[in-house]
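A.B. asks: These are the residues of each chain, in order.
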Amino acid sequence: ELKVEQNPLFLSMQEGKNYTIYCNYSTTSDRLYWYRQDPGKSLESLFVLLSNGAVKQEGRLMASLDTKARLSTLHITAAVHDLSATYFCAVDANFGNEKLTFGTGTRLTIIP
Amino acid sequence: DAGVIQSPRHEVTEMGQEVTLRCKPISGHDYLFWYRQTMMRGLELLIYFNNNVPIDDSGMPEDRFSAKMPNASFSTLKIQPSEPRDSAVYFCASGTRDRGLNEQFFGPGTRLTVL
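Protein sequences appear in the order of chains Z and S.
Under the working numbering, think of the first position of the first sequence as 1, with each following residue one higher.
Under the working numbering, think of the first position of the second sequence as 1, with each following residue one higher.
FYI, nobody ran anything at the bench for these hints, they're computed from the structure.
These numbers were taken from a predicted model, which means no experiment stands behind them.
It cannot be assumed that every hint is accurate.
Covered, in the sense of this in silico footprint (three residues per stretch, anywhere, with C-beta under 8 Å from a C-beta of chain S), are these stretches of chain Z [unchecked claim]:
| no. | region |
| --- | --- |
| 1 | 36 to 48 |
| 2 | 73 to 84 |
Computed, partial: chain S to chain Z, Cβ under 8 Å [to be verified]:
| no. | residue |
| --- | --- |
| 3 | Y31 |
| 4 | L43 |
| 5 | Y48 |
| 6 | R85 |
| 7 | F105 |
| 8 | G107 |
| 9 | G109 |
All residues carry an ideal CB built from backbone N, CA and C; glycine is no exception.
Looking at chain Z on its own, in the form it has when it is part of the complex:
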């Protein structure tokens, strides 16, 4: 069974600081997705990472994928308040099915 673990589960940080969210998964995969969820809202696709070494950046967020380590990171640079949300990673397990296995989510709170 594929397991996807995120850490930390909760993160409170000050504006202007940098931090990284980690997503570890338990089986071979070269496809990983990051989603954002604002309180009371739906999940919004942020990044699609499709190969080892893939790096994607959008504004203050940068995601990377290391398939050998089975690790993806979401790096936040100079955080601002509107990045406060819950961030999920999801792994496509290459089992020949179309399921995504989601991590538990990281609730990020940016303090002014």
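Position chain S relative to chain Z; hints supplied.
C.D. replies: Showing chain S alone in chain Z's frame:
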């Protein structure tokens, strides 16, 4: 495209009543997924369809839950009878496997409260 459409957005019902949630996927998407989200259990996949055919319903919690997809543009998730522990946000998502991607696009969700 309007994105994935779900209705109703909010539903409050009493224990024992039948609840039907509805979903319209993005046009051209051939996969449809139903998820449930709660604080305690996080995001759970209940069932998914490919070309209107149920592929995996192993996440459906029990026989009280059923899902159908009569055509490419409509799906329902039914709970009968409903129980307070079914209170959750139910999301529908759609996607396609074009170019090897498995990106899923989520609807706004239905917040269900069972009293």
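A.B. asks: Evaluate each hint against the coordinates.
C.D. replies: Hints, one by one, checked against the model:
1. 36 to 48: holds (count 6)
2. 73 to 84: The restraint on the region 73 to 84 of chain Z is violated, since only 0 of its residues have a Cβ under 8 Å from chain S and three are required.
3. Y31: 5 Å, holds
4. L43: 5 Å, holds
5. Y48: 7 Å, holds
6. R85: Hint violated; R85(S) Cβ to chain Z Cβ min 20 Å, cut 8 Å.
7. F105: 7 Å, holds
8. G107: 6 Å, holds
9. G109: Check passed: Cβ of G109(S) comes within 5 Å of chain Z, closer than 8 Å.
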